[in-house]
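Position one of the sequence shown corresponds to residue 106 (our numbering), numbered consecutively onward.
Treat the hints with caution; some may be incorrect.
[Claimed, not checked] Once the Cα atoms are required to be at most 27 Å apart in a straight line, the calculated DSSO-like pairs of lysine-lysine come out as:
{"hint": "1", "residue 1": "Lys352", "residue 2": "Lys288"}
{"hint": "2", "residue 1": "Lys211", "residue 2": "Lys251"}
{"hint": "3", "residue 1": "Lys183", "residue 2": "Lys129"}
{"hint": "4", "residue 1": "Lys344", "residue 2": "Lys327"}
{"hint": "5", "residue 1": "Lys256", "residue 2": "Lys288"}
Note that these hints are calculated values from the structure, not bench results. As the structure is a computational prediction, the values presented were derived from the model and not from experiment.
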Amino acid sequence: MKINCIAVDDEPFALSLISSYVEKTPFLNLVAAYSNGVEGLKSIHENPAIQLIFLDIRMADLSGIELARIVEQTGRKKHLRIVFTTAYDQYALEGFKVDALDYLLKPFNFVDFSRAATKAYDYFTMLENSMNTAPAVLPPSTPQKKYLYLKVDYQLQKVDTSEILYIEGLKDYVKLYLKGEEKPLLTLTSLKSLEEKLNAPAFLRIHRSYIVGVEHIRSLTKNSVQIGQTTIPVTEQYKEGFAELLKNWL
Numbered sequence: 106m107k108i109n110c111i112a113v114d115d116e117p118f119a120l121s122l123i124s125s126y127v128e129k130t131p132f133l134n135l136v137a138a139y140s141n142g143v144e145g146l147k148s149i150h151e152n153p154a155i156q157l158i159f160l161d162i163r164m165a166d167l168s169g170i171e172l173a174r175i176v177e178q179t180g181r182k183k184h185l186r187i188v189f190t191t192a193y194d195q196y197a198l199e200g201f202k203v204d205a206l207d208y209l210l211k212p213f214n215f216v217d218f219s220r221a222a223t224k225a226y227d228y229f230t231m232l233e234n235s236m237n238t239a240p241a242v243l244p245p246s247t248p249q250k251k252y253l254y255l256k257v258d259y260q261l262q263k264v265d266t267s268e269i270l271y272i273e274g275l276k277d278y279v280k281l282y283l284k285g286e287e288k289p290l291l292t293l294t295s296l297k298s299l300e301e302k303l304n305a306p307a308f309l310r311i312h313r314s315y316i317v318g319v320e321h322i323r324s325l326t327k328n329s330v331q332i333g334q335t336t337i338p339v340t341e342q343y344k345e346g347f348a349e350l351l352k353n354w355l
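Please model the entire structure based on the sequences and the hints provided.
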């Protein structure tokens, strides 16, 4: 598989270096290199085959963050990913918010670049496999595992949903508490977004800030559930769905 990519950077040396790194990487195909964000954006609109952008953040005419936000609105986000390249580490959080695939801090070497390129290869391989796999490959009687693919520390991580004990929503992030793991996974998304991706019978929203894995509930009362050593309250807004669960237990 070849990944079609472009490089966008207003520093000639940096643009030349990135282009040379791309050309040294067997699974990358350099479509073009641009010295400003406007030309890069035009190329993205005109060429639907572009899959990956190595993108500088600080540029005079159109910044990398602004370009990334425009890409988010095009509907191509799933098939067009970004690796930011910048000399300023204070932009890391901004890059995370626009769901960058990776973040290369200048000056970076070919090893650093290869690591980011491999993330891109893994992502597009996974995407291609998911599009080519027919849902009826397994017989109906065979249970199929469900996975979430979440951005954790600039890596795409595969999470088996059956291992999720409960999920806690924060302001811009969520914490996923997993079976057998001491520390939760932290990812930049909303609780509502995750709720839409999870199987409704297996997970239940019981609080503005919590979704619980039903099979991991150890005990419950009329107003709370116990998962491991954690007690999670049930709020009035979600009592109706919880009442059905309580009824099944009784």
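Checked hints:
no. : hint            : verdict
1   : Lys352 / Lys288 : 33 Å, violated
2   : Lys211 / Lys251 : 38 Å, violated
3   : Lys183 / Lys129 : 26 Å, holds
4   : Lys344 / Lys327 : 9 Å, holds
5   : Lys256 / Lys288 : 16 Å, holds
Violated hints, listed in ascending order, are 1 and 2; each of the other numbered hints is respected by the structure.
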